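For the record, the sequence lines run as chains A and B.
Under my numbering, residues 148 to 566 are what the first sequence spells out, in order.
Under my numbering, residues 148 to 566 are what the second sequence spells out, in order.
Take every hint as true, because none was put in to throw you off.
The list makes no distinction among identical chains, and a pair is therefore deemed to hold if it is satisfied within one copy or across any two copies.
Keeping only pairs whose Cα atoms sit at most 25 Å apart, straight-line, the calculated DMTMM-like set for lysine to aspartate or glutamate is: (1) K435 x E522; (2) K440 x E561; (3) K421 x E531; (4) K421 x D534; (5) K554 x E436; (6) K554 x E531; (7) K435 x E521; (8) K474 x D419.
No lab work stands behind these hints: they were computed from the structure.
Because the structure is a prediction, the values reported are computed rather than measured.
2 protein chains.
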Amino acid sequence: MKVLGIIAEYNPFHNGHLHHLKSSLELIQPDYTIVAMSGHFTQRGEAAIVDKWERAEMALRNGVDIVVELPAVYSSQTAELFAYGGVQLLNHTGVVTHISFGSEIGTIQPLTEIARVLAEEPPTFKALLKQYLDQGLSFPQARHMAIMEHAKKMGLSFSESQWERIINSSNSILAIEYLKALYRTKSNIIPVTIQRIGAPYNAQEMSGEISSATAIRNELKKQKCWGNISRAMPRASFEILKGAIESGKGPVTNSSLEQLMLGNIRSMPLEDIKNLMDIDEGLENRIKECALKASTLDEFMALAKTKRYVYTRLQRILVHALLGITKERVERFRRAGGPQYLRILGFSTRAIPLLKQLKQSARVPIITKAARYEEVLKSPIAREMFDIDVLATNLYSLGIPNPCYRKGNRDFTEKIRVI
Amino acid sequence: MKVLGIIAEYNPFHNGHLHHLKSSLELIQPDYTIVAMSGHFTQRGEAAIVDKWERAEMALRNGVDIVVELPAVYSSQTAELFAYGGVQLLNHTGVVTHISFGSEIGTIQPLTEIARVLAEEPPTFKALLKQYLDQGLSFPQARHMAIMEHAKKMGLSFSESQWERIINSSNSILAIEYLKALYRTKSNIIPVTIQRIGAPYNAQEMSGEISSATAIRNELKKQKCWGNISRAMPRASFEILKGAIESGKGPVTNSSLEQLMLGNIRSMPLEDIKNLMDIDEGLENRIKECALKASTLDEFMALAKTKRYVYTRLQRILVHALLGITKERVERFRRAGGPQYLRILGFSTRAIPLLKQLKQSARVPIITKAARYEEVLKSPIAREMFDIDVLATNLYSLGIPNPCYRKGNRDFTEKIRVI
Numbered sequence: 148m149k150v151l152g153i154i155a156e157y158n159p160f161h162n163g164h165l166h167h168l169k170s171s172l173e174l175i176q177p178d179y180t181i182v183a184m185s186g187h188f189t190q191r192g193e194a195a196i197v198d199k200w201e202r203a204e205m206a207l208r209n210g211v212d213i214v215v216e217l218p219a220v221y222s223s224q225t226a227e228l229f230a231y232g233g234v235q236l237l238n239h240t241g242v243v244t245h246i247s248f249g250s251e252i253g254t255i256q257p258l259t260e261i262a263r264v265l266a267e268e269p270p271t272f273k274a275l276l277k278q279y280l281d282q283g284l285s286f287p288q289a290r291h292m293a294i295m296e297h298a299k300k301m302g303l304s305f306s307e308s309q310w311e312r313i314i315n316s317s318n319s320i321l322a323i324e325y326l327k328a329l330y331r332t333k334s335n336i337i338p339v340t341i342q343r344i345g346a347p348y349n350a351q352e353m354s355g356e357i358s359s360a361t362a363i364r365n366e367l368k369k370q371k372c373w374g375n376i377s378r379a380m381p382r383a384s385f386e387i388l389k390g391a392i393e394s395g396k397g398p399v400t401n402s403s404l405e406q407l408m409l410g411n412i413r414s415m416p417l418e419d420i421k422n423l424m425d426i427d428e429g430l431e432n433r434i435k436e437c438a439l440k441a442s443t444l445d446e447f448m449a450l451a452k453t454k455r456y457v458y459t460r461l462q463r464i465l466v467h468a469l470l471g472i473t474k475e476r477v478e479r480f481r482r483a484g485g486p487q488y489l490r491i492l493g494f495s496t497r498a499i500p501l502l503k504q505l506k507q508s509a510r511v512p513i514i515t516k517a518a519r520y521e522e523v524l525k526s527p528i529a530r531e532m533f534d535i536d537v538l539a540t541n542l543y544s545l546g547i548p549n550p551c552y553r554k555g556n557r558d559f560t561e562k563i564r565v566i
Numbered sequence: 148m149k150v151l152g153i154i155a156e157y158n159p160f161h162n163g164h165l166h167h168l169k170s171s172l173e174l175i176q177p178d179y180t181i182v183a184m185s186g187h188f189t190q191r192g193e194a195a196i197v198d199k200w201e202r203a204e205m206a207l208r209n210g211v212d213i214v215v216e217l218p219a220v221y222s223s224q225t226a227e228l229f230a231y232g233g234v235q236l237l238n239h240t241g242v243v244t245h246i247s248f249g250s251e252i253g254t255i256q257p258l259t260e261i262a263r264v265l266a267e268e269p270p271t272f273k274a275l276l277k278q279y280l281d282q283g284l285s286f287p288q289a290r291h292m293a294i295m296e297h298a299k300k301m302g303l304s305f306s307e308s309q310w311e312r313i314i315n316s317s318n319s320i321l322a323i324e325y326l327k328a329l330y331r332t333k334s335n336i337i338p339v340t341i342q343r344i345g346a347p348y349n350a351q352e353m354s355g356e357i358s359s360a361t362a363i364r365n366e367l368k369k370q371k372c373w374g375n376i377s378r379a380m381p382r383a384s385f386e387i388l389k390g391a392i393e394s395g396k397g398p399v400t401n402s403s404l405e406q407l408m409l410g411n412i413r414s415m416p417l418e419d420i421k422n423l424m425d426i427d428e429g430l431e432n433r434i435k436e437c438a439l440k441a442s443t444l445d446e447f448m449a450l451a452k453t454k455r456y457v458y459t460r461l462q463r464i465l466v467h468a469l470l471g472i473t474k475e476r477v478e479r480f481r482r483a484g485g486p487q488y489l490r491i492l493g494f495s496t497r498a499i500p501l502l503k504q505l506k507q508s509a510r511v512p513i514i515t516k517a518a519r520y521e522e523v524l525k526s527p528i529a530r531e532m533f534d535i536d537v538l539a540t541n542l543y544s545l546g547i548p549n550p551c552y553r554k555g556n557r558d559f560t561e562k563i564r565v566i
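Chain A with its partners taken away, still in its complex shape (with noise of 0.2 Å):
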């Protein structure tokens, strides 16, 4: 049985996402395919724009059979950890057999050549990097010289350009990552690679069938242009936000949630701040004085970025603060083997074979009745992962535009959906 993973957001199911998809499909003739998706805070450190359900119906409305949830503590990290996270839930079902990803140059030969060195760091390539930044070169410098003259003597196929392309666009950094991932988790899951089409993952603006999913949401925030919108995304995937966004489940974004996340940081003693994942030399510091400063979260934004800390980095840092991710928690679940449950948010009816296959051959607990999470999740590790995931929706929910769906404990009463 040839089963394909998808790791992805979905915030939301776009026509570039139908294509990625589609694709895949044609490339790989899979019998089934599992999804790993963020929950309701994304690798951006954002607040997803719907909730999971909606976007999990999406996701199987377009073709997908399974959707299972990428646990919290993965989904707003650095792309290392957010691609570990997901490699390892693919790797955990026990069936995923390709995965595919997309990425500007579209052939996995170099992006596999490169993931392998960065993940190795093999001598000879450490040695040119020390050399090279002894000379005063700035680490991208002296990566770019000492992986290409690596290249070189070992007879690596890729090229500069295709370095430079790789290098410089976060899907491929992304693509590096999950391939890294892969390396380092000994998987045998087969990754492929699909050339992505149209624009680029951080347009800001619309543009026309394949916009990126940040311009989407940008519209959202603004104008509600549906025509534009729609032509976008598939029909299906497009109905099911509407919908949503009508009946006020969205949009949500950071700001809904602004009065939580400043009032947390301005709570929060400056140890606790020191001991989230993402904080380093001092930054404690810079967090919690600037949440003082501001009276907004977007100026909160502005007065605490800098060169070296971006705005991802700070919006990580809240949804961390937000949800209690420590270094600590994340480096006790990745010595327990990373995700701890398959949380699964629905499937198709004619994945139901696979559900069964599944079951057996899934190395974690499968969570199917979130209100039985208890029978379920034996270890207290699992437990308290699952917790994060519980506490991201209940404060997700808060910010929702419609009080009626800022309820809490959403993840124990929302139907997995099946269709």
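Since the structure of chain A is already known, use the hints to place chain B on it.
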């Protein structure tokens, strides 16, 4: 030198407060008046309608000479602890000679007698109380029977109807608590009481010139009929209030802090909720459960309320949770003698001789420039108490309607009010 002390919230300062102040001045003829005023959270567990500096200025413009802040750890507490904090703050000035408070009966003797019985619990009273409880009477009934019989035996002067009026009015209950606190702290301050006029303390609706502060706040939250409000407040106080509201500094209510209050309880471990003041016998479970079930703060209150767990208690718990006011801290502060500093919010220039005197006689450090509090507050416990005041301001600010005023650390940037 005669110095009058008053414990107040002035939320906002209205004609009833003016009546009380003027009558007290007439009766006592003091040289100066000092008010111990709640900061940003009040005795009923509510965010004050406008900030403490605006409210201090209202008092100064109406004849008060110095406004000292009642630390946040005492301002949102049951009558007993609130009164203890207020009385001890006045004791610590070393200059206050009289204290005046409102009551329904307007004569001090019966209040003093009752306070003394309740503070001392003499053996005859205790035996009577036990006897009536054993007969199956409810606590209030048994206490009523016991206290009247004890009074008859001891030749105390208060009548049954006076007792009824005292025990059924929250204002007179506060009066009793002030007297108990004076008694227990062996205070030399002489108590006097002024008969309250017009609207009862908790009246919800406006009623002409004498309206309750609750009614004025309700009017501000709803229609903002300035004509009605101006009739119920002295001119100077009304102008300050209107200016503050029009510039978006208010009205602030607990609902203004809804996301933070609910999010905070949703995040807090049960064990931490359990340690808060006013939590007993598993109430932490109810609080947590209701914060998860509720979509809004109003819904939370409606769900959590019982005959036993009244609104004000629940509101106070929400404030304790925000500010980290635990039983352990309150007990530690009590052992250290209550308020640890005199933080002056404002004064009138005619009070400069009093300020000089205060510097000589105060038993605790005086804070006039909060930015220099670290020079003034030497003891860790004083700093700990002051940090709670600062946190109260930093979180309160997030509920201010106009985002301009949501900046933190206003305790260090707002100027002391001088008129």
